[in-house]
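Visitor: Using the hints provided, position chain B relative to the given structure of chain A.
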Amino acid sequence: MRLLYQILWKDHSRTHLLFAFLGTLAGFVLLLAGIQFYIDIKSVLSENRDLLDPEYIVINKKVNIGQTLGLSKVGFTEEEIQEIAQQSFADQVEPFLSNEFPVSGYTENERFPDFHTELFFEAIPDEFIDVKSEEWVWNPEVGKIPVIIPQDYLNLYNFGFAPSQGLPQIPKGVLSMIDFRLRLRGKDGYDDYNGQIVGFSNRIHSILVPLDFLKWANDKYGYFDKSHPSQVIVVSKDPTDPSIIKFLEEKGYDTIREKLKSSRMNIILKLIISFLVVVAAIIIGLAFLVFLLSLQLMISRSSEKIKRLNKLGFHYREISRPYILLLMVLMTAVTGFSLLITSLLAGKFHTMAQDWSLNISSSLHGILFGMAVGLIALISLANVAAILISTKKLCK
Amino acid sequence: MIFRFEQMIPLPMLEQDTSDSKVWEAEGLVLEQGKSYVVEAPSGRGKTSLLSVMYGIRTDYRGEVFLDNNKLKSFSWKDWSELRKNRLSMIFQGLELFDDLSTLENIQLKNRITGHVSTEKIEELAHALDMEPYLHRLAGILSFGQQQRVAIMRALAQPFDFLLADECFSHMDKENTLKAYALIQHECEIRKAGLVLTSLNETDLPGIDVSLKL
Chain A
6 MRLLYQILWK DHSRTHLLFA FLGTLAGFVL LLAGIQFYID IKSVLSENRD LLDPEYIVIN
66 KKVNIGQTLG LSKVGFTEEE IQEIAQQSFA DQVEPFLSNE FPVSGYTENE RFPDFHTELF
126 FEAIPDEFID VKSEEWVWNP EVGKIPVIIP QDYLNLYNFG FAPSQGLPQI PKGVLSMIDF
186 RLRLRGKDGY DDYNGQIVGF SNRIHSILVP LDFLKWANDK YGYFDKSHPS QVIVVSKDPT
246 DPSIIKFLEE KGYDTIREKL KSSRMNIILK LIISFLVVVA AIIIGLAFLV FLLSLQLMIS
306 RSSEKIKRLN KLGFHYREIS RPYILLLMVL MTAVTGFSLL ITSLLAGKFH TMAQDWSLNI
366 SSSLHGILFG MAVGLIALIS LANVAAILIS TKKLCK
Chain B
87 MIFRFEQMIP LPMLEQDTSD SKVWEAEGLV LEQGKSYVVE APSGRGKTSL LSVMYGIRTD
147 YRGEVFLDNN KLKSFSWKDW SELRKNRLSM IFQGLELFDD LSTLENIQLK NRITGHVSTE
207 KIEELAHALD MEPYLHRLAG ILSFGQQQRV AIMRALAQPF DFLLADECFS HMDKENTLKA
267 YALIQHECEI RKAGLVLTSL NETDLPGIDV SLKL
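Line by line, the protein sequences are chains A and B.
Positions 6 to 401 (the working numbering) are the ones given, in order, by the first sequence.
Positions 87 to 300 (the working numbering) are the ones given, in order, by the second sequence.
Everything labelled a hint here was simulated from the structure, so no lab data went into it.
This one's a predicted model, so the numbers in the text were calculated from it and none came from an experiment.
One or more of the hints may lead you astray.
Unchecked claim - Cβ-Cβ distance ranges computed for the label pairs, FRET-style:
#1 B:297 <-> A:14: 40 to 50 Å
#2 A:20 <-> B:157: 47 to 57 Å
#3 B:154 <-> A:401: 12 to 22 Å
#4 B:88 <-> A:401: 20 to 30 Å
#5 A:302 <-> B:164: 24 to 34 Å
#6 B:159 <-> A:398: 13 to 23 Å
#7 B:218 <-> A:337: 37 to 47 Å
Note that CB positions come from ideal geometry on N, CA and C, so glycine has one too.
Isolated chain A (complex conformation) (with noise of 0.2 Å):
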């Protein structure tokens, strides 16, 4: 069959074919490249944040003018809290626990300047503290209270306050050693207890206490009406989940958005990721046009021929098959050089990621070869399909 092909193939045009392989070679490349990317930087961001802990997100309403003004409420109903537990991403959620009491603290030291405060406490479970310290414990008999403060509120002082003010800057470990008086009032009177800092939290940025202290110290002192709690903790052990931020979006909640870097990094990667898949796809249309195009020119140019081989005996799947052969072997090449190409793409990556110490891989995604041959499938159906067609209108 060697005349036949050499008849029909005589009518190509070298520059359109061209054109249609260059282009659906970009496309492909285009496409592989980004999903490979795309599973790998996923695979990062979450490999990255499994090595730690899972995040702990520390969740409040928004302050609006109506709460300001005491027309809503600032706190979590029990239902929202049920809400946020169902949410994907929230693998626990612990609402955090106020003092139902006045409290104040002040010092009794001559080393020190005096010093008076009003204060507050929250309360939530140990396990949820970035802090751990053998001091952490609440023992009614020694009556000493531990205190976890934020880190924050530390450096303020040392970077901020005292410096303008002329104090002098106090260091971790001398804060501990501070002993200062916590005076809780109740109804009937109040009683002071010892207190000291035994640990500055990153995560938390709330005057800590510990929970079962604090149970206690409300029933023997509480007086205020229970009101709901102002901040919930959230543990994710997915933090790259784009939900969260959407879900607190919609829900006019509020959070260090520092804590969803990740997630908001995923967002933006995706929106990355579906803009070049669109782009690949455009793209991989185009060059699928200028594919069926080039062919149903050569068989248009071709036509005289055509109807004469169909007049000598030729069927028409005869008659389509050097230009099924030409579309495969163009197809293949597609196949192959995208996956090569990519695969490059893919080494030269992973090498500069090394760089940056990101672990990537060298080689491509399983699922980035079936892409490939599944889509150049469908294109080639498609083609076969059209060349069929077009042969069988010119034969009788």
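Guide: Just chain B now, kept in the frame of chain A:
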């Protein structure tokens, strides 16, 4: 292989006066394998149309044509393709050669799908028609008379039960015509095939069984 025509007439022929025709709208006209027919008529009377109907190229006709009692109109792509490869051969008035293939390649192109004859056999055919020197020349640069002989050779280089020859001697001199006709007759005899020959005026060809006036 038997063709039977029942009141068949190509649609374009309806405009003409065909009352004295032995073929158009004839009742039960039969063309049998093993016999040779000459269809005579001046131009424009539908000689090519008749052969085209028999070869499946034309389907715009009224009435019916049966091939071995099967309606031609019921034949599929595959049926026609098989018929043209194994049972029907045609020498086209327009020759239908590929100009950019050589004489030999033109014949082989068809022969490849039928696998009927060897290169030696093709050379034999060429020898019989004095075409041996032209086997490796491009068909496009041959004279029309030579091209006609290439078309004849191609038609003979395949199996057939019926050979349809459409004015295939029109550009040959008497001597070449007789040589070609003798070769056609010979090949038809070997295959016990039928022959339908159209011509403007080839009444003097020997061995014609039936002469049909269109």
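Visitor: Run every hint past the structure and note whether it holds.
Guide: Quick rundown of the hints versus the structure:
| no. | hint | result |
| --- | --- | --- |
| 1 | B:297 <-> A:14: 40 to 50 Å | 46 Å, holds |
| 2 | A:20 <-> B:157: 47 to 57 Å | 48 Å, holds |
| 3 | B:154 <-> A:401: 12 to 22 Å | 21 Å, holds |
| 4 | B:88 <-> A:401: 20 to 30 Å | 23 Å, holds |
| 5 | A:302 <-> B:164: 24 to 34 Å | 28 Å, holds |
| 6 | B:159 <-> A:398: 13 to 23 Å | 19 Å, holds |
| 7 | B:218 <-> A:337: 37 to 47 Å | 44 Å, holds |
The structure fails none of the hints (numbered hints given earlier).
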